[in-house]
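The hints should help you fit chain B onto chain A, whose structure is shown.
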Amino acid sequence: AQRVTQPEKLLSVFKGAPVELKCNYSYSGSPELFWYVQYSRQRLQLLLRHISRESIKGFTADLNKGETSFHLKKPFAQEEDSAMYYCALGGSGGYQKVTFGTGTKLQVIP
Amino acid sequence: DSGVTQTPKHLITATGQRVTLRCSPRSGDLSVYWYQQSLDQGLQFLIQYYNGEERAKGNILERFSAQQFPDLHSELNLSSLELGDSALYFCASSQSSYNEQFFGPGTRLTVL
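Protein chains in written order, with this note's numbering: chain A, 188 to 297; chain B, 1281 to 1392.
Please note that a few of the clues may not be correct.
[Stated by the list, open to error] Chain B is nowhere near these chain A residues, computed Cβ spacing over 12 Å in every case:
hint : residue
1    : 211
2    : 232
3    : 239
[As the list claims (entries may be wrong)] Okay, derived cross-link-like pairs now, EDC-like style, lysine to aspartate or glutamate, Cα gap no bigger than 16 Å in a straight line:
hint : chain 1 : residue 1 : chain 2 : residue 2
4    : A       : 202       : A       : 219
5    : A       : 284       : B       : 1362
6    : A       : 284       : B       : 1333
7    : A       : 284       : B       : 1351
8    : A       : 202       : A       : 254
9    : A       : 260       : A       : 195
10   : A       : 202       : A       : 268
11   : A       : 244       : A       : 268
12   : A       : 244       : A       : 254
These are computed hints drawn from the structure, not numbers from a lab. Since the structure is predicted, the reported quantities are computational estimates derived from the model, not experimental observations. By construction, the Cβ of each residue, glycine as well, lies at the ideal position given by its N, Cα and C atoms.
Only chain A is shown next, with the shape it has when bound in the complex (with noise of 0.2 Å):
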């Protein structure tokens, strides 16, 4: 079965903190790995994806295989970073069917 797993539903950090967004999966197969971010009222949106392996206003994340995680890292937390962040995970090698985590609210304390 594919899942992910999100176990923080609230994670508060102070400004200039490190942050570290957990994501763990479970897929059989060759996983693709996203996350996604929501802003206060704005839509959901792709912030990164582990096959580009590039960083996105200063966030990163690397693909654990032995540790089947997604771990979402940031060195220095902003307060423009609060929102809502999801990971997803998708198969690759056709059309496959995408499943999000439940999602964690990071809050950034100034």
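Frame of chain A, contents of chain B only:
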């Protein structure tokens, strides 16, 4: 603006009724996805269409159906509505299954 549009924005109806939600994808996008977001369930994938054909199915109830038309817009039909169907329904589009999904603003359905 991502370009994905959804109508209506809000819908209030009664149990047992049937409603149709509409989605227009971004220009050039062939894939359309439907999601349901409720407070206790998070974002649930319902169904995906690609160029008019159903491509992937998620946790979509038998009371729900969808289709994608030749002009690529999509409709999600919800029938025999129950209180538990109250949720935000999102549509997203992408060029293919491998690309980034662009989300619409959602339709908020309230079943009374």
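Hints and how they fare:
1. Residue 211 of chain A, annotated as away from the interface, keeps every beta carbon of chain B farther than 12 Å; the closest lies near 15 Å.
2. Residue 232 of chain A, annotated as away from the interface, has a beta carbon of chain B within 12 Å; the closest lies near 7 Å.
3. Some Cβ of chain B comes within 12 Å of the Cβ of residue 239 of chain A; the nearest lies about 10 Å off, and the non-interface call is violated.
4. Our distance criterion of 16 Å between C-alpha atoms is broken by residue 202 of chain A and residue 219 of chain A, whose separation comes to about 31 Å.
5. With a C-alpha separation of about 25 Å, the suggested pair residue 284 of chain A and residue 1362 of chain B falls outside the 16 Å cut-off, and the hint is violated.
6. In summary, the hint linking residue 284 of chain A to residue 1333 of chain B is supported, as the alpha carbons are separated by about 14 Å, within the 16 Å threshold.
7. Distance hint between residue 284 of chain A and residue 1351 of chain B is unfulfilled; the C-alpha atoms sit about 23 Å from each other, more than 16 Å.
8. A distance of roughly 29 Å separates the Cα atoms of residue 202 of chain A and residue 254 of chain A; the hinted pair therefore is violated under the 16 Å criterion.
9. With a C-alpha separation of about 14 Å, the suggested pairing of residue 260 of chain A with residue 195 of chain A holds against the 16 Å cut-off.
10. Between residue 202 of chain A and residue 268 of chain A the alpha-carbon distance is near 9 Å, which keeps this suggested pair within the 16 Å criterion.
11. Pair hint residue 244 of chain A plus residue 268 of chain A holds up; C-alpha atoms about 9 Å apart against a cutoff of 16 Å.
12. About 25 Å separates the Cα atoms of residue 244 of chain A and residue 254 of chain A, which puts this hinted pair outside 16 Å; it is violated.
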